[in-house]
Structure formats: structure tokens, C-alpha cells
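Q: Below are the chains, spelled out letter by letter.
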Amino acid sequence: MTQSRYDAIVIGAGVNGLVTAHFLARAGRRVLVVEREPNANAALDVGWVPPQVVHELDLARQGLRITQPDPWIAAPLEGGGRLELWRDLDRSVEAIRRVSPADAAKWPDFCARMRKLATVLERLYVAPPPDIESRDPRELTRIAGLGLYVRRLGKQTVIDLARVLPMSIAELLDDWFESDALKGVLGAVGVWHLKQGPRSGGTAFNFLHHHVGNPIGVFRPPVSNIASVLLGLPGIEVRRGQEAMPVHGPDGHLTGVGLGPHGDTIEAPLVVTSADPRAAFEHVKPDLDPEFVRAIDNIKCRGVVAKGTLAWQGPTSFTNLCVAPSLEYLERAYDAAKYGRDSERPYVELRAEDGRIEVHVQYVPFRNGDSNAEHDRELRAAVVGVLAPHVPEIKAAESRLVLKSPDQLHLTEGHLYHGELTLDQILFMRPVPGWSRYRMPLQGLYLCGAGTHPGGGIAGAAGRNAARVILKETKRS
Amino acid sequence: MRYDAIVIGGGHNGLVTAAYLARAGKKVLVLERRPRVGGAAVTEEIFPGFKFSMFSYVVSLLRPEIIRDLDLPRHGLHILPLESTVTPMENGDYLAAWADHDETRRELYRHSPRDAEAYDEYGRLMHFMAQAVKPILSMVPPDPTSFAPGDLAGLLKLGKHFRGLGGERLHALVKLMTMSSADFLDEWFETDVLKATKSASGIIGTFLGPRSPGTAYVLLHHYMGELDGVFRAWGFAKGGTGAVSEAIASAARAFGAEIRCDAPVSRVTARSGTATGVVLENGDELAADIVVSSLDPRRTFLQLLEPDQLPPEFVADIRRFKFRGSSGKVNLALDGLPSFTCMPGVGRQHRGAFSISPSLDYVEHAYDDAKYGEFSRRPYMDIVFPSMIDPGMAPPGKHVMSIFVQYAPYHLNGGWTDAKREAFGDAVVNTVECFAPGFKSHILHRQVLTPLDIERITGLSEGNIFAGELALHQLFFLRPAPGWAKFTTPVRGFYQSGSGTHPGGGIMGASGRLAALRILKDGGGR
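Residue numbers (our numbering), protein chains in the order written: chain L, 1 to 477; chain Z, 478 to 1003.
Heads up, a few of these hints could be off.
List time: in silico BS3-like cross-link candidates among lysine-lysine, alpha-carbon distance up to 27 Å [stated by the list, open to error]: (1) L:K300 / Z:K715; (2) L:K285 / Z:K799; (3) Z:K611 / Z:K637; (4) Z:K637 / L:K155; (5) Z:K799 / L:K106.
Simulated from the structure, these hints should not be mistaken for lab results. These numbers were taken from a predicted model, which means no experiment stands behind them.
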């Protein structure tokens, strides 16, 4: 047997891939990371960074900065002015009072209830998903422990979990609030990266998913520079600008990764891919169990979000700006996507960073290649049309706005989360039922990306969970 | 006169409760507001000589143990099978499912060989899943928030039951509980019209479109009937759906129960937290040890009781319980049968259902209208001709046509008026006319029922045919409210037994039976 230079190859230098790579490297493995994109992305990473990742990789000392603007969101109001929500609950209450005194009175209670539910998810997210089929006493004990933990949080939390998770975000918010502006701001997170509208079941879960790791009363995930910190950490080798896929030899055993369609093979006994599951197995598919392949092909990952960047010098009148004036606005935006069209008036959210504005546009459905320069122009015009009344200076900058619709994202159906976070695609159902523990049905092959539990929008949790499983399962003699 | 138990509401669940209590030797009185028993399961001669199953029109979910325990065939229950479903398509073609399995396969093959292959496997899975869920229908839901030994044992039993299904089927169950019917069917089939027709059973009674998560469960809920009982299919009761209620009422009377019609109840009386009887609208007071309401949760708790008789958080939960009626009904008397373009003439197709669900987008568009407070301009419809199967429903040579329509939102923009009702009726017949030109000339009489009409006549809040939406967060231990899903109520001696309790809607009778068993277990009054 030939000795390979690497113990493990990680495909993809996104946050999850890098986290896995560093955990493996810390355990003494020789790790190579192969990344398709020649240059690192300049934008910050959105999502909760679990404290376990920060602590165990000692990221705080390497310059990790996690920021959350204050106010964490600003939403233009119909009659002029903005609804601004703050980290400070009382300050938010004051702001909400101007649109609805009744809603202001409920805000602290709502925030406390949601925070408690998010706590449950946080606990679920920093470990592999519970294996409900397991007969292993240790796993059963863990599941029982989880159950006990939830029940200790109180009767109301158990009821809320059962009742809220399958709900639509519209129903949840209508139960609490009356202000369209407030419901629009909150409802928007409920549909993030889903081809669903706020009235679709399961969007309340998606809302909570994005509340995970946030302080009470903040319903937008933080941003961090975690990817660049991880890239700067020593201990791993990163090769850029090369597309890699797991490959196997004639005997069906995993041999390593192949570079490009006809390129060289880099050998390694262990391959961990953070690619999206539907694209990750292209070269080894014929040797995988057809039922597994069918399940993989059935993963719903219908991209609906266009990402944009606008180079911007000078001050902005906002840090986070959300244009989703009501739940009905969001629902109507979704209607178009159901029939394969872009929203005429999309939900748009802006985030100002150093020298740039990051743009989230929803819904822009994947068109399977049927996208062209004219579509780009129309999309840009729609976005500017929605923003112009609130951010007049955007008009002059229209030509600088670079939007990437799902077709331009080099992901299966352009889905940034590698699979929608719907209730049938989370926990032990993610990425596919029966294969939620990061190990794939080919000896030595693992998944560690957003397509696995706990999914997109969380920085490094999947990567850390995967690494822990890998280290346990591939102990060296 | 003192009764062991008074049952409020003579719908099928109230009657089932009464029959089981009487069977156990209790002295039972049923009080029905209308002149006839049945609630939403009634047969009425709306136009002279033309009898209609006015609201609920097909039977299949009725629990076999109830048919057996109450010996319903002896009391006149006779189910006639519904033989086929034909979906006319916009291009003039059709998709048909026939009673004969091979014929259905050949028909599917014509549309897609792949789907014909998948069809049997899909049928097997759904059959199995329905089997797997059935025990839950006959089970009192354990309360996961409770530490009582009974609840813990119930949860453990449930956990064991599900794990016993094995991985693949457990996953399928999770998918059915959480997905949209369109997504679920997408994993199996490619033919749009097939997916549209199948997904339609996932939207019935809900305020959701086929692409909304949660509808796959309703799909399964409706599948359960397809394997139950003797007939293993959807069917008509001979004499209309009212005959089901009459058979249960007859069984109840045979066990000694008294049934009083035209006897609306105004409220339930209670003394120091214990029910003592009821007061009728005419002022009469009746005493009983046990009072059971088979009305929906909103009427049971917010109308029959005063708010101060209930804990405030319970009242809040009941107020939050969603009804949002979304279905209407059009009953037509015809002087001849319509000929559908896709399958011209009159034939065996009229002995089955016509499903107006030509594509997923069609059904989804129908939902879009309702979402924004309008009735569907081109609605989804389930059409049957009961007189083709039971000639007694119409005069010789004439026919009755029953059209179940979705969506007709209870909360219509501007509210329902006579003019809106007729406009809704017009939208229905005009849409049918598109698929069966000339059909309108056969119409002798027309009855249009909006959700508001359903509410006014049957009492079902917001006209919801399931007495509360069958949404995931309103099922099992959450139906109708957390902590109160075991047929008891915060008032001692006052029980609930309607479809708004577990396991919910359809002419199933399971709620009524489980409630009766619970009452008997608690001592049943004496």
C-alpha cells in the first residue's frame, strides 16, 4: 500500500470545511483543503459561531470578531421614518410603541419565549442529531437526557416547541402582534432561503433557527470574520482554484479526490466534503446504494435568494435595513416564485460593511440556466425600485450593484444552505434520512457542510460535529 | 327526570358517544338543535324529490370497531362503493383511476410508464403508513408535559410503536407529517395531473395550498379510510350521509338512549367547578351527572360556558384554535347528466368522482385567491352524482349532483352576501361548464352553501368541516388545547367528544367513541 502525503482531504474552504480541517489537524492529522474559488470571499460570514468552536480552536485569540449592529435592524415605515429594533429590550419597546402600543407591551414576553425555544435548538445543534433508530444504550441515554432537559425548561416550553415549530411564521406573529411593519421584519427571517411564504407551515422553525445564538430580542444572526481567521490559522494546507471530487479505485474503495474532470488524483484514506450533497458525489454515484442516491437526488434545495454586493464608500444611513413592509408583501413576493417567476417587488435586506453593502434579495427562483443579461438587468431594476424610496442614493449606484442570482452561484439549484431548512430536512432527516451522522455510505467518505445537521446559517457547527464523529470513527491504531 | 349523561349535539360523534354510554347501561339524553339528527352528516330533500347529502357526502373513515360495536348494518347502514375518479385536463385528455387495479395501471402508463411503476410502491407505502398511524386514532393522546405515570407510559408506548416501524418507514412518517403534499408526491411521480389530483385530498378542509407544508398529513388522514372496514374504499351511504347518522341514532335508541330534536341548549350549568346539567334555550333546566358537548371547541367552551368558569390560559388557547373554513358546497338537481369533453357521453365514469384538478398550478392558483380573501375564480372541485349509485336520491330520469368546492374563505373580503353567494355559485358552474359544455342547461335547481351557511346551519364555527383545522399544531395532544386533549375539560363532569378533539374530522366517530370510553373509565356518572 502506498503511503499518501495526507491523512485527510477536505473539499471546500468555507467555514465548515475549514473548521473540520482544523479539528482534524489539531488531532495530528495531515490535512489538505482544496477549494474551487481562486480567491477568498471578502464578505463577512453570517451566522452564529457556537462558543465551542471559538473556544476549542482558540479563535478569540486569533482575532475573531463577532459583531451585531445596534439597532440590529431598521425598517422603513409607510408614513416615513423607520422602525428601529435594538439589542436593548426597553429601547425596542419604545420604538415599537410608536407603531403599536399593544405590540410594545408584548415584546419582552415574546422575546423571552422565543429565546427559550432557541436555547433548545442551540443544545441540539452542537452535537450530531439524535439517532432515533439507535439501539445503542448510550445514544438512548443521550436522547432521554435531551427529553429531560426540555421538560425541565417548563411545561410552556414543551407546548411551545410542539406548537410553534410546525407553525407558519405568519400564524405565530399574528398570535402576538398587530403591526405590519414589525411582523414584516420578523416574518422575513422566517422565509430566509426557503421557497415558502410566511403562511407556509414550518417557517416558524426557520425563524427560530436564525434566532439561535442571538441575544434575547435580536432576530438577525451576527456576522463575523471567522472564515478569514480560520484561513490564517496554521496547521493545514489550502489549495485554491481547483475543483475536487471524491473518487474511488477499480475495487470501489475510496482513493482520494480527483482534480477537475480529468485531472490528477490526490490520494488520502479520508475525504471530507463540505460541498452540497446533491453535487458532492458525482464521481462515486454509480457505486453508491441506489436508494441513497435517490434520497440525495430528492433533497429539496430550490434556490430563491439572489446575493448582491455594492461597493460603497462613505457613510450609510443604516447598518441593517429590511424592506418587507408586511407579511402580505412577503407572501405576494412568494406567489411569483411558486410559478417560477421573480418577485415583482422582492423582499430586500441590506447590510453595510466596511466599503461595501451586502444585499439579500428574495424571491429569485432558480431558472436552470435560463438566465441572461436581460434577467440580470430586470432583477437589478426591481431591487433598485424597491430600495429607491428608502435609500435614494442607491439610484446613482445602480450600475455598481452586482447581483448573483441562484443560477450564478455554482450550487445545486443555487441553494446557499445546501438544502432547504424545512421540517422534513432537519435533524436526523438531514441531509437524507438514515445518513445524518456525517458518515456516507463509502468507507472513508464524510460530509461536513451546510447540507448536514444543523444546516446553513450557523458558522462551523456542522464542521465541528463532523470532525468529532470522524475522529471517533477513524481512531488511529 | 334525572339523566346519567346529557350529550349536547346530535352529530355523528354525539350520537356515537350516546350509543356507547347507553350500551354501558347509562341513562342518556341527546339534545339536538335542528329538527333532525346528523349535524353535518344529514340527508335532506332540498328540492321536491331530490335528496342530498347536504354537507359531508362520502364515507370511508368511519371506524370499523364502531360499525361492529353498534352493529350498524342491522340499523340500516349500507355503503355503496364509489368506483372511480376522473380528472379532466385542460387539453381535453383525462386521467382516470378505476376500481380495477390493472386498468388504472394501464391508464397511468399512458401518461407515464415511470409513474405506473411507482404507483404500486407508493400505494404500498401509504397503505402501510395508514396502518401505522391507525392505532393512534384509537388511543387517548398522552400529555408530553406531564410526569404522571400514565402519560409517561403512553409516551413510551408511542416511542416504541414508532421505532418498531423501522428506519425507512419512520422517515416516511416524518415526511408525511411535515411536508407539503406537492413535495411529497414530487418524490414519487412526474405526471402533473396525477400529482394535482392526489394532492387535492391533502388540501380538503384546510386553508392551505398543495405546496404548503402540513398538507401531506391530510393526504394520509384521507388515505386511512381506503383500507378500513368492509368496503375498503370511499363510498356513499345508501340514502345519503344522513343514513349513517340515522343508523347510529337507531343503535343508540336501541340501547335505551333518548334523542330530542329541536332542543337547542343555551348553556351548561355548573356548581363549584362541577357540571350539573344544561339549560335549554326555551328555559327548561335538565339535570345530569355528566354533560358531554360534541360541538366544536369554540362553541363548547366560549358559548356553553361563561369565561369565568374556565382558567384564563385555557380560554386563550381555545380562542387561538384555528377554524378558517375554506370549503363550500354546491348541490344541483339535474334533468340529465353532463357530458365531459374528455370522456363524452354518459357512462360508468358518472358512477365515480370527477376531480377538477387539472394541474398543480391550477389548484395552487385557486388557493392564491383565497389567501387574499376571495373565493377561487377557478376552484378545485370534487364532483359526484349520488343518484347514479343510489337511484332513490332523485326522481326517475333525474339526477342529483354534489360539488365540493375549495376555496371559499369564511372571511371573504367585504363579507358574504346573497350576491356573493350567487357569484360563487356561478364561478362553480361556469368552471364545470368549461369541462362539460352544455352542462348548465341540465340544471333544474341549485343550492349554494358558503362556509358562512355551513356555520349557520350546522353550527360548525367558521364553517370548518373538521371542527377545527387539521394542522400539525392542532393535532394529537394539542387538539383542542394542550393539557386538555383527553376529552375531559376544566369543569368536572363536563366532557368534549366532537371532531375538534383527537383524532379529528371526517365521519370517523373516533372522538365520540374515545370520549365515551373515557367517561365510562371515570365512573360515568354513577
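Q: All hints are to be evaluated individually against the structure, with a verdict given for each.
A: Here is how each hint holds up against the structure:
1. L:K300 / Z:K715: violated, 45 Å
2. L:K285 / Z:K799: violated, 46 Å
3. Z:K611 / Z:K637: holds, 15 Å
4. Z:K637 / L:K155: Distance of about 23 Å is within 27 Å: holds.
5. Z:K799 / L:K106: holds, 21 Å
Violated hints, listed in ascending order, are 1 and 2; each of the other numbered hints is respected by the structure.
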